[in-house]
Each structure stands twice: as structure tokens, then as C-alpha cells.
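Given only the sequences and the hints, what does the whole structure look like? Please build it.
Residue-level listing of the chains:
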Amino acid sequence: MRPLTEDETKTVFEKLANYIGRNITHLIDRPDDPHVFRLQKDRVYYMSEKVMRFATSVGRPELMSLGVCLGKFTKTGKFRLHVTAVDILAQYARFKVWIKPNGEMSYLYGNNVLKAHVGKMSDDIPEHTGVVVFAMNDIPLGFGVTAKSTTEARRLDPTGIVVFRQGDIGEYLREEDTLFT
Amino acid sequence: MVREARPKVGRKARTKQGLVPTLTEFQAGMLEHKPYRGSHGAGAKRNGTNDRNGERKRKRADGDRESKYLNSKKTAGKAEKVDFVERSSVKKAKAAGDDDFYDFGDDDEQNGAASDSDSSPVDDVYDSGEDEDEEGKPIFSDDEGDTDLLESANMQGLKKAFKTVGEKDDDKEEDEEEVDDDEEEEEEVDDDEEEEDGEEDEFEFEDNDSDGLVEGSDGASDLNDSDVADEFDLEDDDDEEGEPGSDEEDVEINVDSKTTSILPSGQELEASSSIAPDIHLSRTRIQEILNVLDDFKKLAEAGRSRSEYVTQLIADIANYYGYTEFLAGKLFELFSPREALEFFEANEVPRPITIRTNTLKTRRRNLAQALVNRGVNLKPIGNWTKVGLQIFDSQVPIGATPEYLAGHYIIQAASSFLPCIALAPQEGERVLDMAAAPGGKTTYLSALMKNTGCVFANDANKARTKSLIANIHRLGCTNTVVCHYDAQEFPRVIGGFDRVLLDAPCSGTGVIAKDASVKTSRNEKDFIDLPFLQKKLLLAAIDSVDANSKTGGYIVYSTCSVTVDENEAVVDYALRKRPDVKLVDTGLVFGVPGFTSFRGKEFNQKLNLTRRYYPHTYNVDGFFVAKFKKMKKKEVKKEETGEDKKKQKKKETEDEEEELTL
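First to last, the protein sequences are chains A and B.
Take 1 as the starting number for the first sequence in UniProt numbering and just add one per residue.
Take 1 as the starting number for the second sequence in UniProt numbering and just add one per residue.
It is worth saying that the hints were derived from the structure and are not from the lab.
Cβ coordinates follow ideal geometry from the N, Cα and C atoms, glycine included.
Careful, some of the hints might be misleading.
Beta-carbon label-pair distances, calculated as ranges [stated by the list, open to error]:
1. 521/B with 49/A: 21 to 29 Å
2. 33/A with 399/B: 47 to 55 Å
3. 173/A with 590/B: 33 to 41 Å
Straight-line Cα separation of at most 25 Å, BS3-like style, residue types lysine-lysine; simulated pairs [stated by the list, open to error]:
4. 50/A with 577/B
5. 361/B with 100/A
6. 361/B with 120/A
7. 450/B with 50/A
8. 514/B with 577/B
9. 72/A with 462/B
10. 462/B with 386/B
11. 638/B with 75/A
12. 50/A with 550/B
13. 638/B with 577/B
14. 361/B with 96/A
15. 601/B with 632/B
16. 41/A with 462/B
17. 15/A with 78/A
Structure follows, in C-alpha cells:
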């Protein structure tokens, strides 16, 4: 477990900013309960400083997880967000897409969001921007990037793709073997 | 009984086993076969011989009990005789009627012979023997010679038997002797056996209680014998007639009302060890033995000790439910016989599916509403938990709803709420869960602490930490640290926790309904090794706690096992090894107090503060929860001065012994 290097921090923050924009400051500046980012075996975790202090007693090989896993660095140095971060993203999301109940299961099985399934979405989302996908009752289901801007999406036919899926909570079941270790 | 030979069949297989036909079925069969008189006669004959063969087997082994039967006959015989008369007269009428119906008339010889075998059971006890020889002639030529043999042998046997009786008994007995003194009796027995078959079937289906005991048990033991005999003797049964004294034994048993021989004799055991034991029979015998144990003085066979019955009961339970005899005995000794059976019965029924609301993300009412909308039928578990829901049925897979994936609930056995409730972690504390996977309890602790403080979730198995991490993240617990140490290392890795939960690895005897492999996989070694490990873990847990914690200083020890070795014995050991801990109330509103003494072992009297849970009492998994408080040094001193010094010395020596054994 170690703090992120400057480069790493940059990559992670760029990625996060894609979804939560300026709200990223809310992640870092928490005067009441300071939180930190830590790297452990390619994975980036976000946790309270207090938890981090306790976890320093645990050896590197034995430490499996702490706080919330945001995602992992690929071998090429890119950062990939995991669905485990969806709670944080949902909390500070800039752009949101809500899908109707009939589209929930389709999305949770790993499909992209179709126009027909979109219940509502934030106004003026640009093209290729990170969005967080919610069910109509505000349960965060995952995140992705828009295929079309909001205005274009309005004119789309019902089978057209609005959001490319990047992560969904169905992965807890589908990817249990690879997602966490 | 040979363990290897035991088939791994459960209760369900019972229905597939051939049942003995009921009386009505049997009679229907008679009617059907009537036109082929020869074959029916043979069938009847065969039935009779089989039963007799079985009886003979028992007879041989129970030779020493013979005289007792004769004695008992004296009292019961008279009353029974009336019965015989009635019964047989009814039969006679029936047989006559049948004859009228199916009388083809052309074949005199056969007819006569057949009616012999039909009407022979009818013959009364009192009108013995005028044309016995012709009437009793069986259809098969082989038997003719045998009949003579049989007769003479029977006479011999009877004489022998009555000689012994005559020596002891008075006039009444002699009266009966005269009556019984015939070949007649054999037929009577056949008749009786048929009747008995019908009766015992009813017994079987009704799952009779004590009032059916006498007849039912007789029938069952007959059935037992005939079944065993059937396996061997189906082909050559005709040759095996004519056992001296075997027939009168039958009468005795049927007549006998009190001392029933439920237990198999040594020879039967030998015989049954060579073939697969019959579950059907075990089932019946379990009930009978339970009845006997309920009122042992009255119902027990003379000369049989209680332990004989218990041994047989355990063997039958092991056979019927598919346990090893060792484990069946181990679990049996925890309860009274009847309760034990309830326990074993409950282990065959799955527990209800329960879920726990994740209070970090939702509320139970909202969750219930959401699930009801998805077609799930549920209700709250009980008054003792505000987060549990019991699922009755569901149109959707309960482990894959969007709510599940979003972490609004976790599928968790009701019993595993208990240690968390007992531990009662407070906000801001530092808590250790020593054996955490798959994370049901860890996430509950985290939820109870409202994601404040810190929860260390440890599991020794790296593969299992995957599901642990998955659940922690799905349920949105942000205050956790997951590591995979051997939990015994714990105070060295990091200590000073406010509370520690040790849900120790165990034999799983409380969750047999969930994992039936426990029935056969656990052996004696497990019940030595596991407590050993549990003791070490519990000491590690105690050492990991900070006694000076302002809010905490508690340890909860729990297992999903019901055996004393893994529970009370471990707790008692920890109390002796760590004088600075004491048992405190678990704070759980239900549960049976733990044992303070068990089979000669005396435990700390405070062990009544621990709680046990059984599947048959609360419909939760078998479980055990103990809560310790680690005292500050001052408190320890106070406690020590209160205690007797002698007692302490004794304890110390015991400790040393314990160490040696360890």
C-alpha cells in the first residue's frame, strides 16, 4: 500500500473528472473526515485516513482490500474504473441517465442503454461524456459514456444506443472472480 | 452394522421402497388370484413360511427369552383366544363365500387342496385335528413329506417348551396347553400373520402413537424378520418349514401384550450386517424405541438395559437419516431421545431463506415494498431483529434482483445475525472479525456502526476473501480492511480492538440442513482437532481486545455447531486460561442457555449466560453464541479476591493438565 505518484494521481483524477467533473474536490477536501487514495497491487482504493492508518499494520501480501476500490491500472498505465466505485460516482455525478424498469435487466446483463429504455436524462449532456446510469427509483446501476448528446438522442430511433456501458452492478455476479483480486 | 454397507438413502427414498400391502390390498389380491387356485395357495403358503422363517431366526437367537413369552402367554392368552375365534369365523365365512363364487367344480383334487390352504387359517383353536392330515396337505408334492416332519418336529418342540413351562406354572397353563397342543396352531399363525400384516400397515401409514404400540410393534418386528428372510429365502422357502417350536413362538408374540421385542437379537444383527439395512424398518423401530424409553419401567423388555435400547436407537437413526453412527451418537447425547429425533427431523428440512436489509443503503420497509413489487412473498423474521426478512417464495431469483446487485440486502441465515447483535458494536469503534468470509456478519457489523470506525475482516482462506470483498463493496461498506492472515497471528498483526467477533470454523453440525455432507464426513478426529483450533483462536481473540477500551472490551464467540466440545468446552477452557475475561449476557432475547455440566464434565457456572439455538426449536440453524467481557486490571483483582484460593489452585492444576493434553 502506498500513496499514488503524481502521474498516477493525474490519470486517476482525469478519469474521475470525466464523470464527476469539478465535484472531485469534494472527494479530496473533507475536513471532518479526511480521505485518501492509496495504491495496493495495481488497484486504487479510496478510504478514510483513519482506516488507512490502521491498515498500515497489515502486510502487503496479506492486505486484500481496504475502503472502496475505485479501479485498477492496466499494464499499459491506463486507469480503468470498476463498478465498485459507482456509489462515489453516483453521489457526485454531473450527468445522469435514468432507465425504465423494462430496461433494467437488459442493462444489468451488460448491454448498452437503448433509446427505448431511457426514462429520462440530464439536459445538455455532450457526446462521449461519462454518465452514471440510474434506475427510475434512483438506484445507481452503473456508468458509461454517451453515444450521442442529449439533443441528438432525442431524435434517435428507439433501438439506437444512447449510452455505451462501461460498468454495471451485474458485474458483482458476472465478474466476481476477476473483479476483486 | 457395517458402515460401508449402509446405502446413502434419505427419507425420500422410503416411498420407493416396496410397502407391505394393506389388508384390503391383500384381500383384493386374493380375489384376483382366486381362479388360479394353485398359485394362490402357493402364495399363501409362501407368505406363511416366510414369516415363519423370520420368526425362526429370531426364535433361535432369543431362545433364552422363550420361557418369558410362555409366562406372559398365561395372562394374555385367554383374552386373545376370543379374538382368534371371532377372527377365524369371519374368515371362514369369507372363504366359504369365495368358494361359492369361484367353484369350478371340475377339479376336485386341486379344489380340495386349495380350499385347504384357504380355509386352513380358519380352523379354530378348539376344534383341533380330526382330519388334520388331509386338510393340511399342501398342494406341492414336496411338502407332503415335510408336513410330517414338520408335525413331528413341532410336537417335539411343543413338548419341550411346555415341559419347562409346566414345571413352573399352574393349572391354567395346562388348560392352555391342551388347547394349543396341535399342529393347528401353525395354521392359526399363518392366519394371524396375514391379519398382522394388515394391521402393521395401518400402523405404518398412520404413524401411530403409543396406543398402537403393542400391535404395531409386534407387526413391525414380524415384518422385520420376514423382510430379512425374504431376501434370502424367496426361492427355497418351501424346504425350510418345520422348525421345532417356531410356530408357537409366533403365537406367543402375537398374544403377548407388554414385553415386545423391539430390539433385534445378536443373530439378526449379524444377518442384517451382511445386507443393506432397511430404512423402513429403522423408521418403525425408532418410534418404538422412543415409546419404550418414554416409560422404560413399564414397556421395556425384561433383561434389556436402557443402553441397549439407546444403542439400537442411535444405530437406527444413523441408518435412517444417513449419519455415521459416531455423529448420530454425538448429536443424540445433547437431547432427550424425543427431542433428538425432532432435531434429526429438522435437519432434513431446509431452513427458510432469509435476507438482511442493508441499513447503509435502504430501509426494511422500502426494501420489502420493492421486493413485493417484483413478486416476492415475504414477511419480517421476528421481533428480535429489525433488519431481517423471511422469503416464502419468489417469482424472480432472489440473488439477482437489481436491489440485490445494488446492495440493498444480502442473503444471510437468521442465525448469523445473532453474533453481530450480541457483539453490538458502537459507532467509531475498531472491530475485528476473525473469520469473516463470505462477509454477512462483517457487513452487518459495518452497518451497525454506520460506516464509522474501522472493521478488520480477516479470513485465512485467500480464495474466500473474493466473495468477502465483493459483498463488502456491494453493500457499500467503506470502513473495512480485508486481510488474509491465519487468525491465530492476530494480536501480533494488530491488537487493541474494541470488540472482536470470532465465528469460529466448526464442524457445521448446526447446518446439516444446508450441507448434508457433514453427516458422513465428520469423524472423531474432527472433534478433537476443531476444538483445539477453536481454543487457540478464542485465546487469540481475547488477546486482541483492549481491556481499557472506553466503550468496548467485548469478545463474541460463535459457532454454527451444536456439539459441546466445540462450544461450552472451548468457552470454559478460555475462562480458565484467561482469568481477566468473564462471561456476560449476550443480550439476545431468545435461545437456550448453554450447558453448565455435560456428561460428567463440570463447566463454569456462568456458562448459562451463553446461548444455544437449535433448528427444531427456533427454526434457525443450530448455533452457539457466547459473549465475553475483558476486564481491566483493577476489576480482575476484585474478582480474584472474591474467589476462593483453593479453587484457584485446583484450576491451575487443571490448566496444567489441559496443557499436557493439548
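Margin query: Run the distance test for residue 514/B versus residue 577/B: straight-line Cα separation, threshold 25 Å.
Written below: 34 Å, violated
Check: Quick one, are residue 361/B and residue 120/A close enough, alpha carbons at most 25 Å?
Finding: 23 Å, holds
Next item on the list: For the pair we were handed, residue 450/B and residue 50/A, check the Cα-Cα distance against 25 Å.
Entry: 15 Å, holds
Note to self: What's the verdict on residue 41/A and residue 462/B, does the C-alpha distance respect the 25 Å limit or exceed it?
What the structure shows: 15 Å, holds
Checklist line | Proposed proximity, residue 632/B with residue 601/B (alpha carbon, max 25 Å) | finding: 30 Å, violated
Notebook entry, point to check: Measuring from beta carbon to beta carbon, are residue 173/A and residue 590/B in 33 to 41 Å?
Noted result: 35 Å, holds
Margin query: Would the hint linking residue 361/B and residue 100/A be met if the CA-CA limit is 25 Å?
Written below: Within the cut-off at roughly 21 Å; holds.
Notebook entry, point to check: Do the alpha carbons of residue 462/B and residue 386/B lie within 25 Å of each other, as the hint requires?
Noted result: 33 Å, violated
Note to self: Between the alpha carbons of residue 50/A and residue 550/B, is the straight-line distance 25 Å or under?
What the structure shows: 18 Å, holds
Notebook entry, point to check: Do the alpha carbons of residue 638/B and residue 75/A lie within 25 Å of each other, as the hint requires?
Noted result: Violated, at roughly 62 Å.
Margin query: Given the hinted pair residue 638/B and residue 577/B, is their Cα-Cα distance within 25 Å?
Written below: Given pair residue 638/B, residue 577/B holds - Cα atoms ~18 Å apart, limit 25 Å.
Next item on the list: Given the hint that residue 50/A pairs with residue 577/B, test it: the Cα-Cα distance must not exceed 25 Å.
Entry: 34 Å, violated
In this structure, the earlier hints numbered 1, 2, 4, 8, 10, 11, 15 are contradicted, and the remaining ones agree with it.
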